[in-house]
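Asker: Chains as they are written, first to last, in numbering that gives the first Met the number 0: chain W, 0 to 355; chain R, 0 to 167; chain F, 0 to 532.
FYI, nobody ran anything at the bench for these hints, they're computed from the structure. Do not rely on the hints blindly, as some may be mistaken.
[Claimed, not checked] Keeping only pairs whose Cα atoms sit at most 20 angstroms apart, straight-line, the calculated SDA-like set for lysine to any residue is:
id : chain 1 : residue 1 : chain 2 : residue 2
1  : F       : Lys-498   : F       : Gly-421
2  : F       : Lys-5     : W       : Tyr-254
3  : F       : Lys-103   : R       : Pro-97
[Said to hold, decoys possible] Among the chain F residues that face chain W by a calculated CB cut under 10 angstroms, a handful are:
id : residue
4  : Lys-5
5  : Arg-6
6  : Val-8
7  : Ala-18
8  : Leu-20
9  : Leu-307
Where is the CB? At the ideal position from N, CA and C, for every residue including glycine.
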Amino acid sequence: MSAEGQVAGKGGYLKSLFPMDWDLVRHAGAEPVPYHLKKWWFCLGGTPLYLLVVQVLTGIALTFYYVPSPQEAYASVAAITNELRFGWYIRSLHKWAGNLMIVAVFLHLLRVYFTGAYRHPRQLNWCIGLALLGTTLTFGFTGYSLIYEQLSFWGATVATNLAEAVPVVGGHLAYFMRGGPAVGENTLTRFFILHIGVLPTAMFVLLGLHILLIRMHGVTELHFEGEKVTKEERFFRFWPEHATTELLIGVLLMYLLTILALVFPAGMGEPADPTQTPPHIKPEWYFYFSFRLLKLTSLHLSVALTVVGGAVVFCWPFIEEWLQRKYRVPESFSVVLGVIGFLGFLVLTVWESIAP
Amino acid sequence: MSTERDACPPGEQDVTRRTWLAGALMGAGLLASYGTLAFQFLSFLLPKRLKGETRLLFVGPVDRFAVGSVQTIMDLKGNEILVKRSEAGFQAFSSLCPHLGCRVQWMPADNHFFCPCHRGIFDAEGKAVAGPPADAGQRLADAPLVVDQANGVVYLEVEVPDKKGGPA
Amino acid sequence: MTLNTKRYVVAGLSFLFLASLLVVAYHESKRHREEVKPGPIVTATNESCVSCHRKDSAALVMEWERSRHAQQGIGCVDCHQAAEGEIDAWKHEGVWVSALVTPKDCSRCHVREYQEFAGSHHAKAGEILASLDNVLAEKAAGMPSTGNIADAVNGCWQCHGAIVKFKRDANGQVLREGKENKPVIDANTWPNSGMGRLNPDGSKGSCHACHSRHAFESKLSRSPENCGKCHMGPDHPQIEIYNESKHGIAFYANRDQMALDKRGDWVLGRDYSAAPTCATCHISSYMTPQGVFKGNSHDVGERISWTLRPVISTKLNMVVYADGYKEDYPEGKPLPAVGAQVDTKEKVVENEALVTKTVPRKVSQVVTWDQRRETMKGACLNCHNDTYVDNFYKQFDDLVVLYNEKFARPAQQLMDELKNDGVLKADAPFEHEVQWIFYELWHHEGRRARHGASMMGPDYTHWHGMYEVSKHFYTEFLPAVVHVAEEKSAALGNKYRQKVETMLNQLDHNWLNGLSPEEAEALRRMYKERYNQ
Numbered sequence: 000m001s002a003e004g005q006v007a008g009k010g011g012y013l014k015s016l017f018p019m020d021w022d023l024v025r026h027a028g029a030e031p032v033p034y035h036l037k038k039w040w041f042c043l044g045g046t047p048l049y050l051l052v053v054q055v056l057t058g059i060a061l062t063f064y065y066v067p068s069p070q071e072a073y074a075s076v077a078a079i080t081n082e083l084r085f086g087w088y089i090r091s092l093h094k095w096a097g098n099l100m101i102v103a104v105f106l107h108l109l110r111v112y113f114t115g116a117y118r119h120p121r122q123l124n125w126c127i128g129l130a131l132l133g134t135t136l137t138f139g140f141t142g143y144s145l146i147y148e149q150l151s152f153w154g155a156t157v158a159t160n161l162a163e164a165v166p167v168v169g170g171h172l173a174y175f176m177r178g179g180p181a182v183g184e185n186t187l188t189r190f191f192i193l194h195i196g197v198l199p200t201a202m203f204v205l206l207g208l209h210i211l212l213i214r215m216h217g218v219t220e221l222h223f224e225g226e227k228v229t230k231e232e233r234f235f236r237f238w239p240e241h242a243t244t245e246l247l248i249g250v251l252l253m254y255l256l257t258i259l260a261l262v263f264p265a266g267m268g269e270p271a272d273p274t275q276t277p278p279h280i281k282p283e284w285y286f287y288f289s290f291r292l293l294k295l296t297s298l299h300l301s302v303a304l305t306v307v308g309g310a311v312v313f314c315w316p317f318i319e320e321w322l323q324r325k326y327r328v329p330e331s332f333s334v335v336l337g338v339i340g341f342l343g344f345l346v347l348t349v350w351e352s353i354a355p
Numbered sequence: 000m001s002t003e004r005d006a007c008p009p010g011e012q013d014v015t016r017r018t019w020l021a022g023a024l025m026g027a028g029l030l031a032s033y034g035t036l037a038f039q040f041l042s043f044l045l046p047k048r049l050k051g052e053t054r055l056l057f058v059g060p061v062d063r064f065a066v067g068s069v070q071t072i073m074d075l076k077g078n079e080i081l082v083k084r085s086e087a088g089f090q091a092f093s094s095l096c097p098h099l100g101c102r103v104q105w106m107p108a109d110n111h112f113f114c115p116c117h118r119g120i121f122d123a124e125g126k127a128v129a130g131p132p133a134d135a136g137q138r139l140a141d142a143p144l145v146v147d148q149a150n151g152v153v154y155l156e157v158e159v160p161d162k163k164g165g166p167a
Numbered sequence: 000m001t002l003n004t005k006r007y008v009v010a011g012l013s014f015l016f017l018a019s020l021l022v023v024a025y026h027e028s029k030r031h032r033e034e035v036k037p038g039p040i041v042t043a044t045n046e047s048c049v050s051c052h053r054k055d056s057a058a059l060v061m062e063w064e065r066s067r068h069a070q071q072g073i074g075c076v077d078c079h080q081a082a083e084g085e086i087d088a089w090k091h092e093g094v095w096v097s098a099l100v101t102p103k104d105c106s107r108c109h110v111r112e113y114q115e116f117a118g119s120h121h122a123k124a125g126e127i128l129a130s131l132d133n134v135l136a137e138k139a140a141g142m143p144s145t146g147n148i149a150d151a152v153n154g155c156w157q158c159h160g161a162i163v164k165f166k167r168d169a170n171g172q173v174l175r176e177g178k179e180n181k182p183v184i185d186a187n188t189w190p191n192s193g194m195g196r197l198n199p200d201g202s203k204g205s206c207h208a209c210h211s212r213h214a215f216e217s218k219l220s221r222s223p224e225n226c227g228k229c230h231m232g233p234d235h236p237q238i239e240i241y242n243e244s245k246h247g248i249a250f251y252a253n254r255d256q257m258a259l260d261k262r263g264d265w266v267l268g269r270d271y272s273a274a275p276t277c278a279t280c281h282i283s284s285y286m287t288p289q290g291v292f293k294g295n296s297h298d299v300g301e302r303i304s305w306t307l308r309p310v311i312s313t314k315l316n317m318v319v320y321a322d323g324y325k326e327d328y329p330e331g332k333p334l335p336a337v338g339a340q341v342d343t344k345e346k347v348v349e350n351e352a353l354v355t356k357t358v359p360r361k362v363s364q365v366v367t368w369d370q371r372r373e374t375m376k377g378a379c380l381n382c383h384n385d386t387y388v389d390n391f392y393k394q395f396d397d398l399v400v401l402y403n404e405k406f407a408r409p410a411q412q413l414m415d416e417l418k419n420d421g422v423l424k425a426d427a428p429f430e431h432e433v434q435w436i437f438y439e440l441w442h443h444e445g446r447r448a449r450h451g452a453s454m455m456g457p458d459y460t461h462w463h464g465m466y467e468v469s470k471h472f473y474t475e476f477l478p479a480v481v482h483v484a485e486e487k488s489a490a491l492g493n494k495y496r497q498k499v500e501t502m503l504n505q506l507d508h509n510w511l512n513g514l515s516p517e518e519a520e521a522l523r524r525m526y527k528e529r530y531n532q
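Bound conformation, chain W alone (with noise of 0.2 angstroms):
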């Protein structure tokens, strides 16, 4: 035991219980931050780890008195919304930190890709961090059925339908989500346990990865033209300077939340009806540039698209340094490619939400 340990008497008895280098603890959290970190657009990655703790809790409150059973599903999210005491509020805070945390994700993964911090050594943290993308917006998709309104029952149908197209696969695959032949009872509970279990789980651990990997590495430090640094500016302490503001960032967010809640709560539109199908289906928004993709082409080309575009992003460091190594592509190709892509991902989303 280091003399520091031996300080606080009641403290060193305690410290003994538990017997780690507390050196070693403090010695981590007083990790230097790279300046940069100074610049508000790198807490992108906190973001969404706050939000998903927001998740987390809210999610747990509203399993307290959700039932999933096609049955009782809609009356308990509207028991939820109407009924129980502070319910709504609830309900909207995880319908707009699930919102806001696929933004974040995917703003992150911009930043990210724009800085060129996937590249090497750090590609395994990028496919990482693209499996929590992913995982994200498998929550969001589950999350959103599990409410059994007509737009759920029929998001789900379609995007089981769209998955039956993936080749070799697809049969299987949408077989296994529904659960059956056709959306039912089956899938409604798979969705859920998936919800509240096995994607929790990845994501955890998907996370706990991401994370170690990134203390392990140490955060990119960034050198920017022209910009002069200091020695001593060049880091800065995590406690109590950087958890300082990822705590103003917290509060910001639940503040933000907050105000989403009250003027944009959670609504319920009618409940599913097997027997028919609203005029108008659309996925949620973070679908959109797939769902207009698969009304620009056909479906096994939209879905082919897909695939083969999800896997260029998954392994973009990879294929990035073949290139360079092969074909000496410079680096700002990869920022254009990126625009590019970007960009056309935006116009596919803006164009699906304004079409009727």
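Here the structure of chain W is known, so what remains is to put chains R and F in place on it, guided by the hints.
Answerer: Just chains R and F now, with coordinates in the frame of chain W:
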């Protein structure tokens, strides 16, 4: 951890009053706001445990109950309620015997309530005087009868049946 | 940003967050304060009715569900239950029911209202079935050859009420049909929700004439249109007069502020103020300096001081008997003393026909016409001061007197004399044209004039009223009197011509001979100045 990074800038070691105030305000603010949030979460998780929503169920005009009689009425859950009207006024009891839940009957000839299962006897006020309920010092549960003297109408306060909802 | 600044910012943001949470809490509390309209309670007894009839007559069940009855669990059986053996009862799905729910059935719970209504003029509405009006309907507009009295059935009886009858076999036993042995009701007498319907159980009236089933909404009963179903038309256009009057205009402009659906007492000057409705003046409660005056909510005649119904209007006193029975005593008929025994004449139904019975009763109260008027004035005084109100009554009284003295009395006298002279027969009330003209004179335009004055409808008072009275009196009635006498004999014709001449020479009628030169000049000048004609 990279060795390059051991050079940490010195932090703000001196605790000036300004720092103390900032920290205190921050702490107070965080405690108040997150505390309120926690309270709201707790309210959500604790559904109203006050006697669940009740409604008044119309039973009949006061005149329907003859003085000195005991009549049976039903609540919404199928329980029978015994309504006794005496000179002094109305009393209403649940017909469930507190011993093991058999149905208690009024015996006008003996002016008491009788439970046939284990021969429990309750006096006209609902207090057990013989049999196993008496041994346990039990009495018939009061039923929530509401008498509106002004309009001469009798109501029974019933619990609203749980809403079963959603599409089949 | 230094650490210190950051801490202040966090503090600031967290107070903002706290503020937003307080807004959330406020919203939450506001949510619970909203009055949630409770849904219907379907008790076990009524469940079987509801589940079947929800398919057979879905809207009917929905209407019941909207009602305040349903909110307290009062349902089908509670009102439709009948005792085995009652003439209108049959066993339906295991329960003895009757489709006919009479005031006596409603009185199982609404005791006071039943008593108030039973003593009212509304309850007697069905007793006009032996009147002139009925003759017009059943005879003049009926077909004795086929027994078709559809005019009476669809017209008069739907407002006034029918005697509910059953179809019988040759032995006089009630016919029954179907596997439930349902009694066959005379189709001429049901459906009928006439105000004075004469029910098989002896009660008079039909509560749902005003309290439409099955939602039984207060706002419907209190709306003027409700009264307007019957109180309208050429012979008593009360709703039209109300619509013309400032009272009606105020109502229609402010319907939403009238608290029409208020549960319980509906008091002018406390719950609403924008306008009076029919109910306001005639039956409802109003504020007085001493507090709430609780109206006798189901006796519509209590505040009436004139009867505007007959040929010649009279003031109305009221005698109340110990059992609640009431009788109107026209001014002039000697009033009995309180405590005296009187042989009252009451119409009841026996063997499905109206008979008059003599029932001795003890007088418990005598209410004079001016006491009745004072009760009416209490409502007026909520908005108008006493000079205003008293002067209005003088204006109204004068109009009734004008009608009475200038036209009604002279006309009635002529008709009586024609009868005495054998020109008109008492048993042939519509044989001659003069009888129709006279009938309409007092029954239609004469009533319109009087009603118009009573409820501030100037156009009805004059153009639809006194103008037509005078025009028909001079241009149709008087000539018809002479004509009918002439038809009988030349001598009688001369006699009546003479009578008419004498009348027309009186001051009140001699304007027919022409205006005075001054009046003529004034008239000519007015037209020149105003219209250049």
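Asker: Using 10 angstroms as the Cβ threshold, decide whether F:Leu-20 counts as touching chain W.
Answerer: Holds, about 6 angstroms.
Asker: Given F:Val-8 as an interface hint, is the shortest Cβ-Cβ distance to chain W below 10 angstroms?
Answerer: With Cβ-Cβ at 6 angstroms, under 10 angstroms, it holds.
Asker: May I ask you to test the interface hint for F:Ala-18 with respect to chain W, counting a Cβ-Cβ separation under 10 angstroms as satisfied?
Answerer: holds, 9 angstroms
Asker: Mind checking the CB of F:Leu-307 against every CB in chain W and telling me if the closest is under 10 angstroms?
Answerer: violated, 56 angstroms
Asker: Hold the hint about F:Lys-5 up to the distance rule: shortest CB distance to chain W must be less than 10 angstroms.
Answerer: holds, 5 angstroms
Asker: Has the given pair, F:Lys-5 with W:Tyr-254, been kept, meaning a C-alpha gap of at most 20 angstroms?
Answerer: holds, 17 angstroms
Asker: Going by Cβ atoms only, is F:Arg-6 closer than 10 angstroms to chain W?
Answerer: Holds - the Cβ of F:Arg-6 comes within 10 angstroms of chain W, reaching about 6 angstroms at its closest.
Asker: Does F:Gly-421 lie within 20 angstroms of F:Lys-498 when you go C-alpha to C-alpha?
Answerer: holds, 16 angstroms
Asker: Between the alpha carbons of F:Lys-103 and R:Pro-97, is the straight-line distance 20 angstroms or under?
Answerer: violated, 42 angstroms
The structure shown violates the earlier hints numbered 3 and 9.
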